[in-house]
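Those sequence lines, one after another, are chains A and B.
Counting in this note's numbering, the first sequence runs from 20 upward without gaps.
Counting in this note's numbering, the second sequence runs from 17 upward without gaps.
One or more of the hints may lead you astray.
Unchecked claim - The list that follows gives simulated cross-link-like pairs (lysine-lysine, DSS-like), each with its CA atoms no further than 27 Å apart:
{"#": "1", "chain 1": "A", "residue 1": "K102", "chain 2": "B", "residue 2": "K115"}
{"#": "2", "chain 1": "A", "residue 1": "K28", "chain 2": "B", "residue 2": "K115"}
{"#": "3", "chain 1": "B", "residue 1": "K115", "chain 2": "A", "residue 2": "K76"}
Just so you know, these hints were derived from the structure itself, not from any lab.
Since we're looking at a predicted model, the values are computed, not measured.
Each chain, written out:
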Amino acid sequence: DGGITQSPKYLFRKEGQNVTLSCEQNLNHDAMYWYRQDPGQGLRLIYYSQIVNDFQKGDIAEGYSVSREKKESFPLTVTSAQKNPTAFYLCASSPLGTVAGVDGYTFGSGTRLTVV
Amino acid sequence: GQNIDQPTEMTATEGAIVQINCTYQTSGFNGLFWYQQHAGEAPTFLSYNVLDGLEEKGRFSSFLSRSKGYSYLLLKELQMKDSASYLCAVENDKIIFGKGTRLHILP
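The shape of chain B in the complex, shown without the other chains (with noise of 0.2 Å):
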């Protein structure tokens, strides 16, 4: 089977750092995609990860390992703009999304 697992809900303080889990049991694996969205919107790209390690764009980080089917996105300086959905997904001939998680940012 597969399976795409991430936490369904969290909480951050503007300014704060927060990092989003991602754990994916699939069928193949050529990459994984960070998307975000906001309510009644379609997803937009964050990232794509093919290889090992850490990806670094402005605020937004995502990481890999393979061997752990495990990644994260990690957010820096957190804006209120930044509360949304964010949604783990992986390819292997199609791109399957996890269920997403849904940030939430205090003032």
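If we strip away everything but chain A, and leave its shape as in the complex, we get (with noise of 0.2 Å):
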């Protein structure tokens, strides 16, 4: 089954280290998308990326950085320059570049970051 997969679930990080977040899909799509959810609130837009090896800036992008080697893959770094990373991190993905489509986003089920 294609899908998007985000590792692991559930990450504590101590003060002053940088932690990946893995986000990897078989859906072929060329798209992906970092977003942070805190409590009560909305999605926030990190980083994108429409194409291998190009991404942007969202919303919030101070104190993270992203890659994109390969079309599959969009791992997330939070360094340590991240002031509050306690947070909720969605990873996404579409088919087209700059329209998501009739179905909108495929979310990954997430990575709970908690610093510790």
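Assemble the dimeric complex from its two separately framed chains, guided by the hints.
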């Protein structure tokens, strides 16, 4: 079955450490996205990529970095520069670069990151 | 700027009807989505409106007025499992999400 996989589901990080969240899709989608969600809040866009080896900053990119070396993979690194990294992180993909299409995004199941 | 507004919380009774409103001001518009999100889970797709009017899909319907920058999601015959957050999202070159409306269903 095609889908989008995020790992791990829960992640604990010590202050000052970088951590990388994995996102892999086998849907042959061109575009991939990273969102952050805080309790009681909507989704805020961190980074997105519409083609391999290219990505753009979203609304809250500071303290984060990404890479898109393969179409299937879009890992997100939360760096020590991110002041408040504890949140629920969602990865999504869509078949077209600029128009998500009638079904919208396909979401992964999310990674809950906690800084201890 | 880009702005999507929806009520923070709503409460309704099992078996009743509820309407969740969404207003938006965005640079560019391709379509409007409604997603359902249960606590701790990923959003799931409910509806997509491109043209003005009402789209009905089972117990859920979604309405769009592009000239007014307005949409609503109508949920009929409410069930306890409908307790969730409902996210309004506008697509231009990417999808921009509102903060969501948390819907509580009372027995």
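Taking the hints in turn, this is what the structure says about them:
{"no.": "1", "hint": "A:K102 x B:K115", "in the structure": "21 Å, holds"}
{"no.": "2", "hint": "A:K28 x B:K115", "in the structure": "23 Å, holds"}
{"no.": "3", "hint": "B:K115 x A:K76", "in the structure": "20 Å, holds"}
Going down the numbered hints, you'll see the structure goes against none, and every one checks out.
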